[in-house]
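Engineer: Residues per chain, in single letters:
There are 2 protein chains.
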Amino acid sequence: MKMIDFRKTDINNGFWRKKTDLVSEVSVFNVYNRFKETGRFDALGCAWKKGDPYEPHIFWDSDIAKWIESVAFILEKRDCAELEKYVDDAIDTIAANQEECGYFNSCYQVHDKERWTDRTDHELYCAGHMLEAAVAYFRATGKRKLLDVMEKYLDYIRKVFMEDKSASFITPGHEEIELALIKLYELTGDKKHLEMCSFFIDNRGNDVDVEYRGVAHKYSQSHLPVREQKTAEGHCVRACYLYTAMADLARYTGDEELLDSCKKIFDDIAERKMYITGGIGSSGRGEAFTIPYDLPDLTAYSESCAALSLAWFSQRMLLIENDSKYADVIERILYNNALSSISLDGKAFFYVNPLAIRTHLLNRNTSQCDTKEYLPLTERKEVFDCSCCPPNITRFIASVADFLYTTDDDTLYVHQYIDSTTKTDKFTVTQKTEYPNNGTVNITADGIRRIALRIPAWCNNFSVTVDGAEVSPELRNGYIYIDNCDSSVITLSMDMTPFIVYPSSKIRDYTGRVAVQRGPVVYCAEGVRNNFNIMSFRLDTKTDFKEILCDTCGSYMLVAKGKIPVESEALYSREPEKFINAEIKLIPYYAFANHGESDMEVFMFCY
Amino acid sequence: MKMIDFRKTDINNGFWRKKTDLVSEVSVFNVYNRFKETGRFDALGCAWKKGDPYEPHIFWDSDIAKWIESVAFILEKRDCAELEKYVDDAIDTIAANQEECGYFNSCYQVHDKERWTDRTDHELYCAGHMLEAAVAYFRATGKRKLLDVMEKYLDYIRKVFMEDKSASFITPGHEEIELALIKLYELTGDKKHLEMCSFFIDNRGNDVDVEYRGVAHKYSQSHLPVREQKTAEGHCVRACYLYTAMADLARYTGDEELLDSCKKIFDDIAERKMYITGGIGSSGRGEAFTIPYDLPDLTAYSESCAALSLAWFSQRMLLIENDSKYADVIERILYNNALSSISLDGKAFFYVNPLAIRTHLLNRNTSQCDTKEYLPLTERKEVFDCSCCPPNITRFIASVADFLYTTDDDTLYVHQYIDSTTKTDKFTVTQKTEYPNNGTVNITADGIRRIALRIPAWCNNFSVTVDGAEVSPELRNGYIYIDNCDSSVITLSMDMTPFIVYPSSKIRDYTGRVAVQRGPVVYCAEGVRNNFNIMSFRLDTKTDFKEILCDTCGSYMLVAKGKIPVESEALYSREPEKFINAEIKLIPYYAFANHGESDMEVFMFCY
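Order-wise, the sequence lines are chains A and B. Counting in my numbering, the first sequence runs from 3 upward without gaps. Counting in my numbering, the second sequence runs from 3 upward without gaps.
No lab work stands behind these hints, which were simulated from the structure alone. Some hints could be false.
Since copy identity is lost for identical chains, a pair holds within one copy or between any two.
Under the rule of at most 25 Å between Cα atoms (straight-line distance), these lysine to aspartate or glutamate pairs were calculated in the DMTMM-like manner [claimed, not checked]:
| hint | residue 1 | residue 2 |
| --- | --- | --- |
| 1 | 265 | 197 |
| 2 | 327 | 577 |
| 3 | 79 | 91 |
| 4 | 232 | 571 |
| 5 | 327 | 579 |
| 6 | 587 | 57 |
| 7 | 508 | 585 |
Same shape as in the complex, but just chain A (with noise of 0.2 Å):
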């Protein structure tokens, strides 16, 4: 199976259009703003001295990084000398302070500590990102100053890991350059870098590389050795980054113990681990994966990047076997936690997904004694201390394309609905869609002999004509096929009638709940949208959903019928509660805490 790479693909209208423009046109420049501001390009000229002020981190040269690859990306679709022109300055200051064995890390450059000696300091990880953007900068422009850069450090850490073994480590203790060199063997065809993937992946939570850290550690991988993990362990992005390089490996190297790791933890995350949302990551305590059915709403973490890095290992597991419950998550995660990761205006981004706020605990303790206990931010920041996910989600959107297609010899398997046109050198597919606002995609396919329609897991009423005529294919791995489609229209029209989704009972934090789907999108209610205590309101499971077009946030608006609680005196008593009848107005889930701080809650409950 082979991906069409969003290279290939001009995405022309509708949802994604707006939020690749926003992406583009705002974020992008927002985000090198704060960048700017905060130190982190001066950082890059590793001319930083003890009292200076903003002090290089270690993971720096990898917030830099993924925005460089975020520009890489926008630069394939449109022109801009303004971001062409930072980055090339970027790239000039990172090559002018390479030292001469190839070394660069703009935080260890200008410390005293000794380089390769903390497993835990992200230098492999960030080379990992540096090489992601010097593959991203070198298709988009041809520019291969950064790239040369990349390769003569490749060089170096091989000699140090590889064959002088120098390093007090073996494995990155936070993967990415696993996945990065993957990337560049795509791009050279240079198996060495392959080699080095393998490397690092096969040494992983083996004997000797517990040996060399001391202790083995689900945290970051490095409990068992790659191939006897089977479920999904650890600090989610470190997790699922390794996940997707080694889809990756097994799909290059034909490696079926590898191959089964992979179904087994992806499997173990989408029906064990993952919220409605697509985010993962139940606890801020190590970021991390806990245990199955823990999806506390409150308290989740679910890290922007958590999210982003499940959709591109989901996506690597569809290249590797047609089944659409890869592609069902990717959409969970488009629609969902991807996008809530970024406010609508584009500028501020979360970092943790919470499914509910409670604004009343914000006060609850702060005025009581010294100590705060540790709360979620209720609003989205444009920068954070740690600025992982801001670029991240810029570099994500501006290659959304990506999700789209896969094909093998003779057949067009479209994953996800987009208004776009892709062309190859063999064919050319257009989507004419608004979707998810609405439930019709027409697909013209030219030069294409067989074509294979995703019908979403959510999705339980859909029909599809060929040329105006009805078909009625059969699904098959949650695929339609259709045969002989050269230049036909194609038109799939999905129900996007609003509906309940009942979370398993093994999830203990959602008893007597049900939360709202409207196609992929998962909605909420907010205090500020309506005038009652939301965490009081029931829904009615029988209701109809009014829908109301929601200029802002870009989709529908829900209306739905319960009951709220009469509000008694008593704080305990014998009498039944009282109810009267309420509308709730429910928005989409991405499109919360753009309002102001708010109660905002997934998962309503019901009767």
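Add chain B to chain A, keeping to what the hints say.
Structural biologist: Just chain B, lined up with the frame of chain A:
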């Protein structure tokens, strides 16, 4: 209104006789042994040196003092040469180490720190508890050695704080000495003790006090002068010890402004900040009151000492105002939070009394990263580093008959129902009852013209007979009044049918859930007694309850009807949950965690 103190009452049989026997025969020895083992008794010798084990802690003197007071209360009702010897030895050591000036603090005397410089260091708190112990031990035995020590110490404290004003602060960081001074005043009639009490209370939170300390702080009730405080704030035990003394002072001085604060604060607690178990303190941060209606079950702090302190505050309010709301709160505490604090075998104690336990959370994080979440204990312990609760519970239960009666010129108010005989020089009153297991109370009142019986707020069906003839006395402020009852046998029959309790919808944590009570006893479900996930159980609010006598918990177990969901594989589904009928076993809340670590919940989902 006058108190009839527990010394005049013999608890004859029934529920509370078992508890007072347990405390006298098991708990008080167990606490002694644990304190002995952990160096607390040795510390009184003030001989600890750096490098020695068991470094004395600032609150150790108060642990010993509360244990001495427990023994004093026990000695009122039974001889025990062994316990008396332990106390005499401890008092000898204290007396031998009292400084010439009168100071005694076993922690400060072996450390370098300058005395009276740190308001948060519990010096006056320890003095207060030691004073309470001295008064109690003198009353029980006539021995005045500790009383002499403490009167000398008080002279010194008076000089330092009221005359020389040489301390770095004016009022104690942890209240306690105020209420102890009232007890000494009640013993001696010497107004100077009342004056010192007034000094500490009147200065708290006023401008000079704040100036000395630098910060006005709710945590220690120092945010406002006490007469301007109208809500319960800060550290619960500190708060209620203060409120107890404020109520005492208002009663003795007729200070209406102070009384108004006490009344409003009591209502703030009882109507907005109290768990169904009588527990207070919604947050472990600061062990503090938070905001109204913030009563989470899983993270409830509900410190044992806090509930006891609220009972004492309520008792003082009963001496001012004949309103059953005060005795209702006492009853709520007696049969729930106070008793849950101690194990059924009398050996172990809870410091924190949660209203729910979810065992799956215990291991959700530890394997994923190095930091651990705060998790409450799921089983009782024999001793804590901060062991304030165990000897507080023993002294509370040993003097439980303090809560039975108050009297004014012509009426005896019966606040609690305990099988007992109370004799004063004016009257003898006997209660025969198996309450709370049985709702019938037979009362014989000799030498009493008028008796007032509290009808508990939970009780919505009762009958009364006088010498066998049914009467229908008016209910006023929660009491029924029976005139000319001298030598009569009065029988109160309360309907003990278990019932559903509906929490106010203002409490956001219990939406869709209810509790179960039988009389004053709150029930809970435990995982170990039910073969399904108790968090997924839905209680039928129309259920009948089967009552099964439970020997270990000394009361009834209940069986209720409801339903549980059929577990589905899908994490999120459009298919509504399916249910099957189920029965749930409930036990008294106070008996939870006596069968090993287990899930537990008080508030159950319902339909």
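Engineer: Each hint should be assessed against the structure and marked as holding or not.
Structural biologist: Here is what the structure says about each hint:
For a Cα distance limit of 25 Å, the shortest separation of residue 265 from residue 197 inside one copy, 22 Å, qualifies, whereas the shortest one across copies, 77 Å, does not. In this assembly of identical chains, the alpha carbons of residue 327 and residue 577 lie at most 25 Å apart only when taken from different copies (18 Å versus 48 Å within one copy). Taking identical chains as interchangeable, the C-alpha atoms of residue 79 and residue 91 lie at most 25 Å apart only when both belong to the same chain, with a minimum of 21 Å there against 88 Å between chains. For a Cα distance limit of 25 Å, the shortest separation of residue 232 from residue 571 across copies, 19 Å, qualifies, whereas the shortest one inside one copy, 53 Å, does not.
With identical chains, the CA atoms of residue 327 and residue 579 are at most 25 Å apart between copies only, with a shortest distance of 22 Å across copies and 43 Å within one. When the C-alpha separation of residue 587 and residue 57 is checked against a cutoff of 25 Å, the pair qualifies neither within a copy, at 46 Å, nor between copies, at 60 Å. Taking the closest pair of Cα atoms, residue 508 and residue 585 come within 25 Å of each other only across two copies (19 Å); inside a single copy the shortest separation is 29 Å, beyond that limit.
Of the numbered hints listed earlier, the single one contradicted by the structure is hint 6.
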